[in-house]
Amino acid sequence: MGKAQLSIQNLQVEYHTDEEVIHAVNGISLDLEEGESLGLVGETGAGKTTLALSILGLLPKPNGRIVDGSIFFEGKELSKTSEEEMRQIRGNRISMIFQDPMTSLNPIFPVGEQIAEALEVHFSLTKEQAEKKTAELLELVGIPRNRMGEYPHQFSGGMKQRVVIAMALACNPKLLLADEPTTALDVTIQAQVLRMIRDLKRRMRTTLILISHDLGVVAQICNTVAIMYAGKIMEYGKIEDVFRNPLHPYTEGLFASIPRLDRTQRRLSSIPGLIPDPSNLPTGCVFHPRCPYRMGVCEKTVPPLVEWEGRKVHCLKYREG
Amino acid sequence: MLRYLFHRILQLIPVILGVTLIVFTLTYIAPGDPARLLLPQDASDEDVAQLKHAMGLDRSFFVQYYHFLFGYDGPGDSFDYKGLFALDLGRSYVSNRPVFGTILERFPNTVLLSTVALCLSILVSIPFGIISATRQYSKIDMVVTVLALVGISMPAFWLGMLLIWIFSVQLKLFPSLAVPSNPLSIVLPALTLAAMSTAVQTRMTRSSMLEVLRQDYIRTARAKGLDERVVIRKHALRNALIPVVTVVGIQVGQLLVGAVLTETVFSYPGIGTIMVDAINRKDTPQILASVVFMALIFALVNLIVDILYAFIDPRIKAQYVQAGIRKKRGLFHAISRKTTP
Ligand SMILES: Nc1ncnc2c1ncn2[C@@H]1O[C@H](COP(=O)(O)OP(=O)(O)O)[C@@H](O)[C@H]1O
Ligand SMILES: [Mg+2]
Chain A
1 MGKAQLSIQN LQVEYHTDEE VIHAVNGISL DLEEGESLGL VGETGAGKTT
51 LALSILGLLP KPNGRIVDGS IFFEGKELSK TSEEEMRQIR GNRISMIFQD
101 PMTSLNPIFP VGEQIAEALE VHFSLTKEQA EKKTAELLEL VGIPRNRMGE
151 YPHQFSGGMK QRVVIAMALA CNPKLLLADE PTTALDVTIQ AQVLRMIRDL
201 KRRMRTTLIL ISHDLGVVAQ ICNTVAIMYA GKIMEYGKIE DVFRNPLHPY
251 TEGLFASIPR LDRTQRRLSS IPGLIPDPSN LPTGCVFHPR CPYRMGVCEK
301 TVPPLVEWEG RKVHCLKYRE G
Chain B
322 MLRYLFHRIL QLIPVILGVT LIVFTLTYIA PGDPARLLLP QDASDEDVAQ
372 LKHAMGLDRS FFVQYYHFLF GYDGPGDSFD YKGLFALDLG RSYVSNRPVF
422 GTILERFPNT VLLSTVALCL SILVSIPFGI ISATRQYSKI DMVVTVLALV
472 GISMPAFWLG MLLIWIFSVQ LKLFPSLAVP SNPLSIVLPA LTLAAMSTAV
522 QTRMTRSSML EVLRQDYIRT ARAKGLDERV VIRKHALRNA LIPVVTVVGI
572 QVGQLLVGAV LTETVFSYPG IGTIMVDAIN RKDTPQILAS VVFMALIFAL
622 VNLIVDILYA FIDPRIKAQY VQAGIRKKRG LFHAISRKTT P
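Protein sequence lines, in the order shown, are assigned to chains A and B. At position 20 of the first sequence the residue is numbered 20 (my numbering), and the sequence of numbers has no breaks. At position 254 of the second sequence the residue is numbered 575 (my numbering), and the sequence of numbers has no breaks.
Honestly, the hints are just simulated from the structure, not real lab data. Remember, it's a predicted structure, so these values are computed and weren't measured experimentally. Keep in mind that the hints are not guaranteed to be accurate.
If you want the footprint, here are the derived chain B segments under chain A, 3+ residues with CB under 8 Å [unchecked claim]:
id	stretch
1	422–435
2	532–542
3	551–562
Positions of the beta carbon are idealized from the N, C-alpha and C atoms, including for glycine.
Kindly generate the complete structure, drawing on both the sequences and the hints.
And the structure:
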């Protein structure tokens with residue numbers, strides 16, 4: 001694992017329901033240096049949230065489970081860490097911003113109390129200290145401190161997301177997982193919130209995994225990008241490289257689907273076909289049914305990881321040697 | 322909030338009036354003639370007619386309903402009353418005592434029985450509902466679910482008789498006749514009365530808790546690194562209890578209804594036995610007074626539940642609390658104190 005702060009190796013996560021087994025994450029490997037910011041891009045259902053929840057050890061019980069692979073954080077293997085120790089890590093060393101700010105806050109507690117709570121679990125603070133820190137955090141995300149006694153229903157969506165961000169940053173986490181932090185927001189608010197995340201990330205030097213289905217969002221913040229498809233990483237490399245010259249046919253498709261004039265609305269939609277059913281994945285390369293460069297071997301052979309032009313790519317088009 | 326209260330109390334008036342009209346109509350069309358029942362078996366038709374006239378029962382339906390509301394002043398004095406608006410519906414045909422007097426005398430007994438049953442049902446249902454939800458599909462959950470189903474499907478009079486047979490007749494642990502002065506004798510009727518509510522509330526707590534545990538904000542709470550017990554007690558429980566409070570409120574009404582049956586089974590001197598006796602003897606003033614009284618209590622309980630609701634759920638409170646009384650918000654949450662810069 002070397003010096004990597006976060007190292008994920010061959011992670012496989014399944015959801016077991018009454019009828020079927022859903023293969024949400026299928027062998028993902030990632031290494032993150034401290035301070036790096038990685039964009040995780042993929043369509044809905046690609047397994048992005050599942051990956052983030054696995055890192056935090058918060059997969060929905062009892063049907064979500066890690067079936068193989070390992071996650072190391074600061075040298076410690078998280079899947080072998082006790083629940084008690086995981087609790088010390090959550091919200092403190094690793095924290096997460098969830099997708100939907102509308103539902104991420106508890107409706108019956110004032111927002112200030114919800115932020116203070118995150119502080120109080122991990123630091124021994126007096127009521128006054130916690131209050132003071134909460135006020136500072138709120139101001140950090142641009143909310144006047146006198147609103148800390150108000151309830152979530154008194155805030156707009158963008159404001160709620162700021163509260164959620166303040167909560168996630170409360171304990172100066174080493175790793176921040178931001179799961180589509182702007183998807184649920186209006187376009188104008190999206191830009192504000194994104195800028196805020198970028199600035200806070202720089203100021204606090206946290207490592208960031210920014211999950212998005214929007215390449216444009218990722219491009220604004222991240223150094224590296226991993227393109228996810230059906231629980232696998234298709235291509236992984238420096239963001240400039242991937243943008244300049246996408247190697248994987250899926251990435252290529254993603255860029256082709258970006259309307260050139262509109263720089264904020266980069267949705268991934270115009271690749272023909274649908275993402276595969278995660279309970280019944282295609283054999284060989286998971287992307288082959290939609291791939292314009294499909295070859296006979298693609299149906300049978302799982303593409304290995306290939307280092308290509310300083311990038312990692314899973315595609316049979318690229319063969320070493 | 323005060324305006325809201327006032328509004329709600331005003332709304333009660335048509336409801337109560339509606340209830341009286343329905344009950345009045347039912348007693349009016351019910352077979353049996355109170356005048357004949359009051360007189361000896363061999364009384365002549367003439368005597369009956371005369372008594373009916375004295376009681377005002379020979380008048381038309383609408384006149385009688387008018388009397389019921391605004392009072393009746395008959396040829397004699399013994400059947401006079403000042404009407405519902407003066408809270409006087411006259412005297413019982415049977416005991417000749419003021420009907421509301423009897424009700425007020427016995428009502429505390431019903432309150433006692435219902436309160437014991439309510440406390441019992443809350444104390445049992447909420448913990449079991451939570452355990453059941455947090456260990457969904459475990460053995461405990463199965464047992465609780467089956468017991469709740471049994472509790473819901475068992476009629477009160479049947480359960481009452483079953484309990485009497487087991488605990489009074491066979492084991493001789495508790496008396497089968499219940500009186501308020503003997504706490505031991507209240508055990509069986511309270512259990513009988515509590516069974517249904519306990520079952521309903523347990524199921525409600527369980528499903529509400531399961532629903533809340535699926536919410537995103539529970540995941541957020543866990544992501545903060547909170548202890549699972551704190552997540553359950555602080556974040557989940559209070560949200561889960563919001564619908565449970567409504568159900569408990571409805572159960573209070575159900576308890577009053579159940580009390581009628583339970584009191585009869587255990588011959589307990591509450592408002593239920595008054596009502597059943599009055600119906601059996603066609604004691605019209607007593608029937609009307611009991612039903613109106615119950616309707617009033619029922620409506621008041623619902624009002625109280627609605628207000629409690631507002632205290633638990635800030636979103637609802639926000640609708641009541643006018644902008645002018647904003648400062649009260651700090652009352653419930655100390656964290657918002659002294660934080661204005
Ligand atoms: N609790 C769950 N139970 C069963 N299947 C789930 C659950 N959560 C997610 N899934 C499935 O796992 C797959 C990946 O989901 P997710 O990680 O949420 O994707 P993304 O965040 O990329 O949209 C999807 O097919 C989704 O339907
Ligand atoms: Mg997601």
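Against the structure, the hints:
no. : hint    : verdict
1   : 422–435 : violated (count 0)
2   : 532–542 : holds (count 6)
3   : 551–562 : holds (count 3)
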